[in-house]
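> Below are the chains, spelled out letter by letter.
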Amino acid sequence: MTAPSARTEELDLRGQVCPAALMHALKKMNVLRGELSSGTVALRILTENRESVPTISEAARNMGYAVAVDREEAHYVLLVESAGSVDRQ
Amino acid sequence: MMPTGSIHIPGFAVGAAAGFLMHRSGFCLVCPFRNFFLFRDVFPARNLLLAVVTSMVLFEGARRLGLLPFYPFPMLGFPSVGHLIGGGIFGVGMVLAGGCVVGVLYRMGSGNLVAASAFPGLLAGSAVYAEIHPAWSVVKDRGTLSHGWSTIPQGLGIDPGIAVIAVAVPSVWLFLRWSMDGTWSRRGDLPRGYVPIWAAAIGLSILGTASYLLSGMPIGVTTSYAKMAGWVESVLAPTHFATLDFFRSVSLDVASPAGEILRGGPAPVLDAMAAIQLPLIAGVVLGSALSAILLKEFRVHRGVPPRQLLAGFAGGVLMGLASRMGSGCNVWHLLGGVPILAAPSLLFAAGLFPGAWAGTLLLRKII
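Here the protein sequences come in this chain order: A and B.
According to this note's numbering, the first sequence holds residues 1 to 89 in order.
According to this note's numbering, the second sequence holds residues 90 to 456 in order.
Source of the hints: derived by calculation from the structure; they are not laboratory data.
Source: prediction; values computed, not measured.
Honestly, I wouldn't trust all of these hints.
Claimed, not checked - Straight-line alpha carbon distances no greater than 16 Å define the calculated EDC-like cross-link-like pairs of lysine to aspartate or glutamate that follow: (1) A/Lys28 - A/Glu9; (2) B/Lys385 - A/Asp70; (3) B/Lys385 - A/Glu73; (4) A/Lys27 - A/Glu9.
To be verified - Taking CB as the label site, the calculated pair distances span: (5) B/Lys454 - A/Val31: 17 to 25 Å; (6) B/Val217 - A/Met63: 40 to 48 Å; (7) B/Arg337 - A/Glu9: 51 to 59 Å; (8) B/Leu450 - A/Glu9: 26 to 34 Å.
As the list claims (entries may be wrong) - Only some residues are given here: those of chain A computed to face chain B with a beta carbon under 7 Å: (9) Gly15; (10) Val17; (11) Pro19; (12) Arg33; (13) Glu51; (14) Val53; (15) Ser57; (16) Glu58; (17) Ala66; (18) Val69.
The C-beta atom is built at its ideal place from N, Cα and C for all residues, glycine as well.
Extracted from the complex, chain A is given alone in its bound form (with noise of 0.2 Å):
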């Protein structure tokens, strides 16, 4: 769940298939760290790569963030955000 007052950044990564999903991924979330680690932005990544699912919640699991994976349609979102945000909720 997404802090009410987090605004939320798409990563469309359809289409991709690892590594490149992955790496774009935790590009996203470097560019993103003050602001994710903060819980003033949550980042949804749209992946529709199943082997992209496990690797890219695991890996922004290991840099201290909070990830949901759900799935709509054909593809699987997963939302990243800070830890202490979802703690908090």
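Following the hints, position chain B against chain A.
Chain B in isolation, oriented as in the chain A frame:
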């Protein structure tokens, strides 16, 4: 072993089961090399080792029971520096394409366009090889390290079982250790209908053994890519096609234990090679498509960055070229030759490491 005239349905079934398993698990033969160099991630390498050792034990068990029609299997050849170079070029290609010659098939089956861009590249690479075949044959022949043996046990003059035990026992100890450490599963979230990669590794080893028992050789597909390239070239440029020795070469020419002559090669004709490989190729694509459709995940997404499509095509070209230079692809060598400790396959596998490393350097610039 089945007569090639009736191999189509079992071959298709093996391919379909492999495609289904690979789509569900994400089992990949590129990740063990690429992920180590990119992310220092050794998780996929563990699963590759599991697949290799399981195949090794199953092949040896089948050999001891007298079930293998050929040992070693046909088309291995003798170890040459050409296998090492082929592996190196293949390693670059598989990283750029985001999948190997079979990975491309199963991803294509689920609707992925990057994989679909690699497929024509595989055919183009096979056609490029046809141009250099005479010169490369000389290089490969001069670089041959032994004309007397193909496998390490043959070279050492020992029973293959001793070599299998020497590899399998420490590997099983490692597997048990990893099992106790809980490192056989990813810690991340899993997609729907997920099959654990370790289970897919064992499943693919069983399918590879089934292929060996049924057709006399492990899973391999790339000679058929050369056949497809030859067919395209024979239609588009028939005069030039007629000058290419490669498409008249014969890579398979053996008699089965039942006395059937198995003969085939890259020529665009329906020979024994086509009977074995084409149903397998169709099976992998359709098995993966079935898995994606059942999960309601089949979708062709058009918004792929053009750079990735180009990288996919270029990777396909390199893999198509290298699989002919190295007398087989990564699946053939890693899950077929390495399990019987075939020296050509070990050389090809050794070449994959520097190739994959170079591929990751290129990929970082492209992505």
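> Any hints from earlier that this structure breaks? Give me their numbers in increasing order, please.
12 and 17
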